[in-house]
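*Asks:* Sequence:
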Amino acid sequence: MIKTLDISHMFEPNQYCREEETEKLTDLYYQEDDFASEANSWLSRSLTSNNVTQKQSYLQSAYDSFKKSRNEFNASIIDENIRLNKYQIKLEEKFHRKYLSLSLHQTMKQLIIDKEYKLSEELKKEFKVGDRRYWWLKMTILAETAEFLELEKFSKIKKSPIGYEPFVDICLEHRNRYEAQKYLLKINEENKIKYYVKCGLLEDAAKFAFEAKDVEALDYVSSRCGPTNRLLADKITTMKNQLRLK
Numbered sequence: 054m055i056k057t058l059d060i061s062h063m064f065e066p067n068q069y070c071r072e073e074e075t076e077k078l079t080d081l082y083y084q085e086d087d088f089a090s091e092a093n094s095w096l097s098r099s100l101t102s103n104n105v106t107q108k109q110s111y112l113q114s115a116y117d118s119f120k121k122s123r124n125e126f127n128a129s130i131i132d133e134n135i136r137l138n139k140y141q142i143k144l145e146e147k148f149h150r151k152y153l154s155l156s157l158h159q160t161m162k163q164l165i166i167d168k169e170y171k172l173s174e175e176l177k178k179e180f181k182v183g184d185r186r187y188w189w190l191k192m193t194i195l196a197e198t199a200e201f202l203e204l205e206k207f208s209k210i211k212k213s214p215i216g217y218e219p220f221v222d223i224c225l226e227h228r229n230r231y232e233a234q235k236y237l238l239k240i241n242e243e244n245k246i247k248y249y250v251k252c253g254l255l256e257d258a259a260k261f262a263f264e265a266k267d268v269e270a271l272d273y274v275s276s277r278c279g280p281t282n283r284l285l286a287d288k289i290t291t292m293k294n295q296l297r298l299k
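Okay, so the sequence shown: first residue is 54 according to the numbering used here, each after it adds one.
A hint or two may mislead.
Capping the alpha-carbon separation at 27 Å, the derived lysine-lysine pairs in BS3-like fashion look like this [said to hold, decoys possible]:
| id | residue 1 | residue 2 |
| --- | --- | --- |
| 1 | Lys288 | Lys260 |
| 2 | Lys245 | Lys206 |
| 3 | Lys206 | Lys139 |
| 4 | Lys209 | Lys168 |
| 5 | Lys121 | Lys162 |
| 6 | Lys147 | Lys120 |
| 7 | Lys151 | Lys120 |
| 8 | Lys178 | Lys120 |
| 9 | Lys177 | Lys239 |
Ranges of calculated distance between the beta carbons of each label pair, as one might list FRET restraints [said to hold, decoys possible]:
| id | residue 1 | residue 2 | range |
| --- | --- | --- | --- |
| 10 | Thr291 | His227 | 33 to 39 Å |
| 11 | Glu175 | Thr198 | 15 to 21 Å |
| 12 | Ala199 | Glu125 | 21 to 27 Å |
| 13 | Leu155 | Glu205 | 54 to 60 Å |
| 14 | Thr290 | Asn241 | 25 to 31 Å |
| 15 | Lys209 | Asp167 | 40 to 46 Å |
| 16 | Glu197 | Lys266 | 53 to 59 Å |
| 17 | Leu284 | Ala199 | 45 to 51 Å |
Everything labelled a hint here was simulated from the structure, so no lab data went into it. Even for Gly, the Cβ is constructed at its ideal location relative to N, Cα and C.
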């Protein structure tokens with residue numbers, strides 16, 4: 054009979070040795086005033102720790118060491134991670150779901166999915182997320198989750214920093230032409246004809262093109278007229294002839 058060796062217990066001492074070696078290395082960097090290496094050592098320990106409190110403590114030590122080494126960029130990144138972790142811990146306590154280990158973007162996304170819009174806004178302000186980035190994220194998630202009423206409310210909070218063309222596009226992407234048409238009046242003038250065509254409102258698009266005396270735009274609308282739109286195609290031909298006579 055072949056004997057098998059249980060080696061599972063062997064990994065615990067090895068893990069302990071690695072932790073002990075890392076701790077000694079951190080102490081060595083501290084004694085030598087090598088703050089940059091000390092910071093990276095603390096950071097490495099935080100990444101391998103499964104204990105939330107310990108992980109936060111290691112991150113704080115990494116932050117302090119980066120500050121001592123005058124590496125403000127890395128210090129600011131660590132500081133953001135510490136603050137985000139604290140915020141995520143509160144979210145986990147409140148909602149009893151996993152938030153730790155999510156990025157800032159993923160955390161805001163999850164809050165929007167969970168319809169915690171005020172909390173996502175709070176997170177945006179706390180971490181100074183730019184308006185454009187946040188609007189793209191929230192618009193996309195609301196459309197993906199078919200929250201079109203909330204999407205419309207969101208679009209009216211203030212003037213969109215990303216314009217209203219993306220609102221039309223995202224609604225059409227999710228096959229909701231009715232919702233897409235709600236944003237047409239806010240489309241920039243230079244894109245109006247293109248977006249009316251996108252929404253299937255060819256007659257309105259032709260009217261705008263005629264009013265703008267744009268024969269090329271009329272040709273574009275005409276090219277989108279199918280076999281069932283011959284009446285409109287003929288009307289566009291008449292419009293073009295009228296413009297050429299002027």
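*Asks:* Against each hint, give a clear statement of whether it holds in the structure.
*Replies:* Right, here's what the structure says about each hint:
Proximity of Lys288 to Lys260 is assessed by CA-CA distance (about 10 Å); at most 27 Å being required, the pair is judged to hold. A C-alpha spacing of about 22 Å is found between Lys245 and Lys206, which places the hinted pair at or below 27 Å, so the restraint holds. About 31 Å separates the Cα atoms of Lys206 and Lys139, which puts this hinted pair outside 27 Å; it is violated. Our distance criterion of 27 Å between C-alpha atoms is met by Lys209 and Lys168, whose separation comes to about 18 Å.
As the CA atoms of Lys121 and Lys162 are separated by approximately 35 Å, the hinted pair breaks the 27 Å bound. Straight-line distance between C-alpha atoms of Lys147 and Lys120 comes to about 33 Å, which puts the hinted pair past the 27 Å bound. Simply put, Lys151 and Lys120 have alpha-carbon atoms about 31 Å apart, too far for the 27 Å limit, and the pair is violated. For the hint linking Lys178 to Lys120, the alpha-carbon distance of about 25 Å falls within 27 Å, and the restraint holds.
In summary, the hint linking Lys177 to Lys239 is supported, as the alpha carbons are separated by about 26 Å, within the 27 Å threshold. In this structure the hint that Thr291 and His227 lie 33 to 39 Å apart at CB holds, the actual value being about 37 Å. Taking 15 to 21 Å as the suggested C-beta distance range, the pair Glu175 and Thr198 conforms, at roughly 20 Å. Separated by about 44 Å at the C-beta atoms, Ala199 and Glu125 break the suggested range of 21 to 27 Å.
Taking the beta carbon of each, Leu155 and Glu205 are about 28 Å apart, not inside 54 to 60 Å as hinted. Between Thr290 and Asn241, the C-beta spacing of about 28 Å keeps the proposed range 25 to 31 Å intact. Our hint of 40 to 46 Å for Lys209 and Asp167 is violated, since their Cβ atoms are close to 22 Å apart. A C-beta distance of roughly 40 Å is found between Glu197 and Lys266, which places it outside the suggested range of 53 to 59 Å.
Hint check: Leu284 to Ala199, Cβ distance near 35 Å, so the stated range 45 to 51 Å is violated.
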